[in-house]
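J.: Single-letter residue listing:
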Amino acid sequence: MKSWRKELWFNVPTRRAFINITPQVDAELAASGIREGLCLVNAMHITASVFINDDESGLHHDYEQWLERLAPHEPVRQYRHNVGEDNADAHMKRQIMGREVVVAVTDGKLDLGPWEQVFYGEFDGGRRKRVLVKIIGE
Amino acid sequence: MKSWRKELWFNVPTRRAFINITPQVDAELAASGIREGLCLVNAMHITASVFINDDESGLHHDYEQWLERLAPHEPVRQYRHNVGEDNADAHMKRQIMGREVVVAVTDGKLDLGPWEQVFYGEFDGGRRKRVLVKIIGE
Amino acid sequence: MKSWRKELWFNVPTRRAFINITPQVDAELAASGIREGLCLVNAMHITASVFINDDESGLHHDYEQWLERLAPHEPVRQYRHNVGEDNADAHMKRQIMGREVVVAVTDGKLDLGPWEQVFYGEFDGGRRKRVLVKIIGE
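Residue numbers (UniProt numbering), protein chains in the order written: chain V, 1 to 138; chain G, 1 to 138; chain A, 1 to 138.
Hints listed in this document are in silico derivations from the structure and should not be mistaken for laboratory results. On a predicted model such as this, the values are computed, not experimentally measured, just so you know. Virtual Cβ for every residue (Gly too), placed ideally from N, Cα, C. One or more of the hints may lead you astray.
Claimed, not checked - Short, incomplete list of chain A residues facing chain V, as computed with Cβ under 10 Å:
| no. | residue |
| --- | --- |
| 1 | MET97 |
| 2 | GLY113 |
| 3 | GLU116 |
Said to hold, decoys possible - Pairwise CB distance ranges (calculated):
| no. | chain 1 | residue 1 | chain 2 | residue 2 | range |
| --- | --- | --- | --- | --- | --- |
| 4 | G | GLU85 | A | ALA30 | 46 to 56 Å |
| 5 | A | ASP107 | G | ARG128 | 24 to 34 Å |
| 6 | V | SER57 | G | ALA30 | 28 to 38 Å |
| 7 | G | PRO114 | A | ARG80 | 17 to 27 Å |
So here's chain V without its partners, still in its complex pose (with noise of 0.2 Å):
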């Protein structure tokens, strides 16, 4: 069994924002030399998310609202987790889209439907975050 380990760094300016890592997914994927296995693709943070689906920038506007409906960052102290911070809204978003993806490998390719993409979510920006790519295989 073979296994292959990359961090990918982010530091998104604003405090929300999606962007598409499949690109780099891919290279991780193909420097590893793996063609059947696994391929785990982790926010490292508590307040970001990786997950999957459409490239759009309309349904990204969409979740935007949709996140801010659900879980809103304002009032900022209608949260007990907010002591001297003010993310807890962040920590209930990247709940509803999730930590992490597995992506199966087949034939050295990451093995995605027609639109599926792979994104970092982030929900609470302005420093320094990690992702995690993690792929064992043959």
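Fit chains G and A to the supplied structure of chain V, relying on the hints for placement.
T.: For chains G and A alone, kept in the frame of chain V given last:
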């Protein structure tokens, strides 16, 4: 290490449905000959879900009502994604229910709890869609 | 390829609770002897969750309030599932928080970010329930 890959195809006539696919996943595991490992089951489409929960019709009715409350289909024009489409809500419902499950494989069986069943969740039916089953192990 | 399997048992006296199980998962990884691979941790019950987030009591209070707002327990009769049961809301809360996490194993350790902790989320306590730890690798 052995690996096994199979696509399961669906064409749900209604917009939304929950379909128990545990028998199909069981059959793929048996065909794989894998005794110890991990089994990934994921929707290959971004308006569908694979999740694990109870095979109980009352609960499925409740899920349907609840998801519609959290991410309403109507009015369609409330979503910026819906330009020539009407499925923005389906992209949201799928994030709540999840894209994928990873199930342990132990002694050649899906290592599920007593009530755990694997479901395909369709949120934008009326077209052919796929679920990927990928099993790795020995 | 090596594999390791262990069930962790819980009997939470309250209806809902979040329990940090990172030490137990760490112990299973040490016992497995696996140095590189993937570690699946999943609830074996469908009204419970395994998720990764912060071990901070204010946040856990906020999660409790937030989940109750998104999927209220009362009135119990609002849910069709609640025939001889009162836990429909628990099936919903668990979908938001998720069934499982997959954690990379690197150099014999859980490859977690600085604040990542693994939690058992109970949403319908007062009974014995299990979490499955399955580790594969070398």
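J.: Of the hints stated earlier, which fail here?
T.: Violated hints: 5 and 6; rest satisfied.
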